[in-house]
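These protein sequences, in sequence, are chains L and P.
Going by the numbering used here, 149 is the number at position 149 of the first sequence; the sequence numbering is gapless.
Going by the numbering used here, 235 is the number at position 235 of the second sequence; the sequence numbering is gapless.
By construction, these hints were calculated from the structure, which means they are not laboratory data.
A few of these clues could be false.
To spell it out: a stretch of chain L is covered by chain P in this simulated footprint if at least three of its residues, at any positions, have a beta carbon under 8 Å from a beta carbon of chain P; those stretches are [claimed, not checked]:
id	stretch
1	47-60
2	81-89
3	92-99
4	103-114
Between beta-carbon pairs, the in silico distance windows are [as the list claims (entries may be wrong)]:
id	chain 1	residue 1	chain 2	residue 2	range
5	L	94	P	860	26 to 34 Å
6	L	28	P	415	42 to 50 Å
7	P	860	L	17	49 to 57 Å
Examples of chain L residues toward chain P, derived with CB under 10 Å [stated by the list, open to error]:
id	residue
8	43
9	76
10	152
In this text, a Cβ means the ideal position worked out from N, Cα and C, and glycines have one as well.
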Amino acid sequence: MALLEAHGVGRRFQGRWVLQDVDLAVAPGERVALLGPSGCGKTTLLNLLGGLDRPDRGLVRFQGEALASARPARLAQLRREALGTVFQMFHLVPTLTARENVELPLQLLGWPRPRTAERVAELLAAVGLADRADAWPRELSGGEMQRVAVARALAARPALLLADEPTGNLDSASGGAVLGLLAELSEQSGAALVLVTHDPGATAICHRIVRLRDGRIQAGDR
Amino acid sequence: MNGGLFRRLVWRSLGLEGRAILAVLSVALGVAVFLAIRLANRAAVASFEQFALGVGTGADLGVRAEVGPLDERDLARLAPLRRDVWIRPVLEGTLAHGPDLEAMQVLGTDLVGLGAEAAQASDRSLEADPGPDPAPAGQPGPAGGLDPSLLLDPDAVLVTRALARAERLRLGDPLDGMVDGRAVRLRAAGLLPEAANRPPLQQDLLVMDLPAAQRLFQRPGQLDRLDLGWRPGRDGARLQAQVAAALPRGWILEAPEHRAASARTMSAAFRLNLTVLSLGALAVGAYLLFQAFDAAVTRRRETWALLQAMGCPPGRILALVLAEAALLGSLGSLLGLLLGWAMAQGAVRGVARTMTALYGASSARQAAFQPGEAGIAFLAGSLTCLAAAWWPARRAAATPPVQLLARGAQTRPMPWRPMALVGLALLGIGLAVAFLPHPPPGVLWPAYTGAALVLLGGSLASPALLPALGWPGRRATASWTLRLCLRPLCRPTGRHGFAAAALAVAVGLTVGMGVMVRSFEATVQEWIGASLKADLFVTPLGSGGATSRHRLPEALTDQLAADPAVAAVDRYQQVPFTFRGEASTLATSDFAVTGSRGHLAMIRGGASGQSDEVLERIHRDGLAAPGAVASETFVRRFGLRLGDRLALPPGALGDRDRPERQASPAARTVILRGVYADYGNERGSLILDRPVFLAWFHDARCASLALYLRPGTDAGAVARRLARGRPGLQIRSNLALRAQVERIFQQTFAITYALEVIGLAVALGGLAQSLAGLALARRGDLWTLRALGAGDGAVARVLLGEGLGVALAGSLGGLGLGLALSRILVQVLNPQAFGWTLSYRLPWAFLGGMLGACMLTAAAVLLPVARGLARLAVDRQLETGAT
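Please construct the entire structure, taking both the sequences and the accompanying hints into account.
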């Protein structure tokens, strides 16, 4: 069974359809790249797949459950337990250290302190920031901030990882390192990955590429 | 809620944000003002109640005359009941003491009976103190056992421990003062005992033996009241019926609590108005807090969106924001309690002065900390903070995260049109509710409800002034800087709207209060000018306040009237009386003189406000068809109309010597012929012509005299001559009395002026905060302008123009709101609360000053901010993350 399915999904903003007739399926553990130029609807689609937004047409199912009809509390639960998101702008909480940012999802799940500390230490080591655990976001470089964001997204061992242009604000070296981490850690944890990017080079870590143009998936890509 | 989340996301960030300090200070100031007024009111009314009550004597019942004093000879009627009922006669007066001639209450009572009862009494104050600590050497000792020598010395008084300490009195020390214009010297002969389980006695209480008091006040055979109590084991209900049956005509029963309740009721409207006004600071603070929390939520929207994206339930986000509000509210309220107690010490004197001027002596000097009041103030501050944070908290929790995380998300314009419609509707409803026709006197809820609706409606409608100012301005000018600074006004964001609304509320409250006070001032000045016609005014030295007991004896007034320089004398006397079960004032004046030479500002009954025809008619009718005029307050209070026949109670004095009065106790009825304006007595007065008053009540004393001199006489010289050899008289010229009356009215509004200033300070502080926030929010635009080549001056002008536009919109909105509010205060609240009709006057200088102060503050805040931001290097944009 597909982990994530989108059937005939459409989304409209201010009278204009930014997505139309999108069909997509993602299997467990699969890494899929959503590739397209700026403004083609990639981020909109990602938000719909992650339950952050609701489609105007069609439906999105995650683990067999329709997201559009799920109550807000159920969506929040899914985002806590089964979804992780990495943003282009990192979105680290500026008043929390790197360690505390990674702990945030686990606090929301109510994990006990010892278990939280162990998991966070493991993740920070995995992304190569064990020695920067107590640094504030303003003290980190862009690449380091994104690595913290990756660690945070994977903290609760989600079934699905969504990454919205994770390397968009990074130089090529840092971006490459982050992509590598995403691939490695999602492989290790068994999480599926949906990666939004406009950079064809970034798709190298993915099993499949889905191309978007003007809000539609191009023929042959599903 | 997860304590770790709160600690990390809320607690930690508070220390980094100056707005947290501002929020705490806003709450603190609002709570402080509210608590200060509440504590001051409490202290002043407690002192006033003590004055009105006399002294707590543990009585079960009281007896007094419906009009004037009791005749001591009639006590014999109650003699058969003395086996079951103890009876304590009381005569009250005032002694003007000290350099400020402060009123001290003098209580004359039966000290012999007091000593006898003390042996049996178990819980009565004013009984002999069985065993307090011995007084230090030289200090007045305790009054244990009541030294019989007290009864022989006519000048001996018992003083309170507090007074003895304050004046450093030793046994036998003199206590000098003025009574009825006569210098007197009393002697401190002992301490009043105070029971541990009763409220402390008021400091300025003096107690002396009854005969000595009657001599002191030159009121032989007169009493003001009787205090009665049941001896142990007696049936109170049965005894009360027996007492009622035994009372002579003109005597009435009264429960002791009734006097205190009357005292509280009398000043209730005044205290309620003060309390409501004090809430103004909290109300303005609430808007500022709303703005601060809204800005905080907006600033941290990424954090809230991120939490939602990570699956944090919206309820937890709501709880986090509200927890922050609760923390800030609590901190602010605690600080406010401290500040408020300190401010109360200053406020209490102002409140007490007003209470003395309007209702009677209140000698409160300090305000005690009251846990109950502190609790109310704490709750008010905390709840205000929570209420202010509620909507921003809901916004933080309810907005879908995708909107907040979108790159380059813009702040949405506020829906000012529907808000303005709702606001105008509320304003209209508020005015309609406030001006509901014919509410009963003293019913204030329509006025307060209407005022609250007007305030709310005005605050919602004020942001509509932003596009109203912006659009025409943009069309009218070709200047790009002006167009740029007006653009945000054409599509105002929530931040603009709240800034304008908060300023409008603050300005509105200040304007409303200011117009009311100045209308009152103008009305009173007109009234003083029209009413005070005499050349000289004579009162006993130390008299003042609504219930002064100082009187001029008849012999003295005859002497003054016979002076060759005096053409006419108007003798004014007033006595307390009960009308339809309520305490009021019965007064008398020489209508023959007042009608021909003086003036009463007639509201009804005279042609074009002239009193002469009404008073002359009453004088002509005399006892054949007795007439009266009543003050507006009296008429409103009792629902009277011209032509009504008013039944007056019989006087308790004098009738026993007039068998024909005893034989035919026909009711004394007067016809209401006119209604006059009187802003000096909130309880209301009914005035009879002097011949009628003398015929019925036999009281020839005067509270004051108005002397009309012969033409060409030098008033100053006459005043000096009359005062020679009469040190107990205060003789004032017309101008001097007008000045004093105006001074008293200024004092009564001292607290209101202070509240105006505080309200304005909060408004201007909030304006500064709002405008600084608006300026900082536009730094991205400004840097773009600089990157495009705009000079520092042009950039600064853009910022300045926007801020001044917001300040102008808020100020104009506040002016409109304040004028609507002032209509309610002047034309509804004052008549309903106090029974006074005021002329509505617009103080243009005050209004202009308000507008000027707001614009100057705006400019003073914006100039340095604008200059600073305009000069900031473009590359700082990258550092600070501005887009």
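Hint check:
Check on the stretch 47-60 of chain L: 4 of its residues sit with their Cβ under 8 Å from a Cβ of chain P, so the three-residue criterion for coverage holds. Chain P is given as covering the stretch 81-89 of chain L, and this holds because 6 residues of the stretch bring a CB closer than 8 Å to a CB of that chain, at least three being needed. As drawn, the stretch 92-99 of chain L meets chain P at 3 residues by the rule of a beta-carbon pair under 8 Å; at three or more, the given contact holds. Check result for the stretch 103-114 of chain L against chain P: holds, 5 residues qualifying (beta carbon to beta carbon below 8 Å, three or more required).
Restraint check, residue 94(L) to residue 860(P): a C-beta distance of roughly 32 Å satisfies the suggested window 26 to 34 Å. Between residue 28(L) and residue 415(P) the beta carbon distance is about 46 Å. The supplied range of 42 to 50 Å therefore holds. Our hint of 49 to 57 Å for residue 860(P) and residue 17(L) holds, since their Cβ atoms are close to 52 Å apart. This hint holds: residue 43(L) has a C-beta 8 Å from the nearest C-beta of chain P, less than the 10 Å allowed.
With its C-beta approaching chain P no nearer than about 5 Å, residue 76(L) sits inside the 10 Å limit, and its interface hint holds. Here the hint on residue 152(L) is kept, as its CB sits about 8 Å from the closest CB of chain P, short of 10 Å.
The structure fails none of the hints (numbered hints given earlier).
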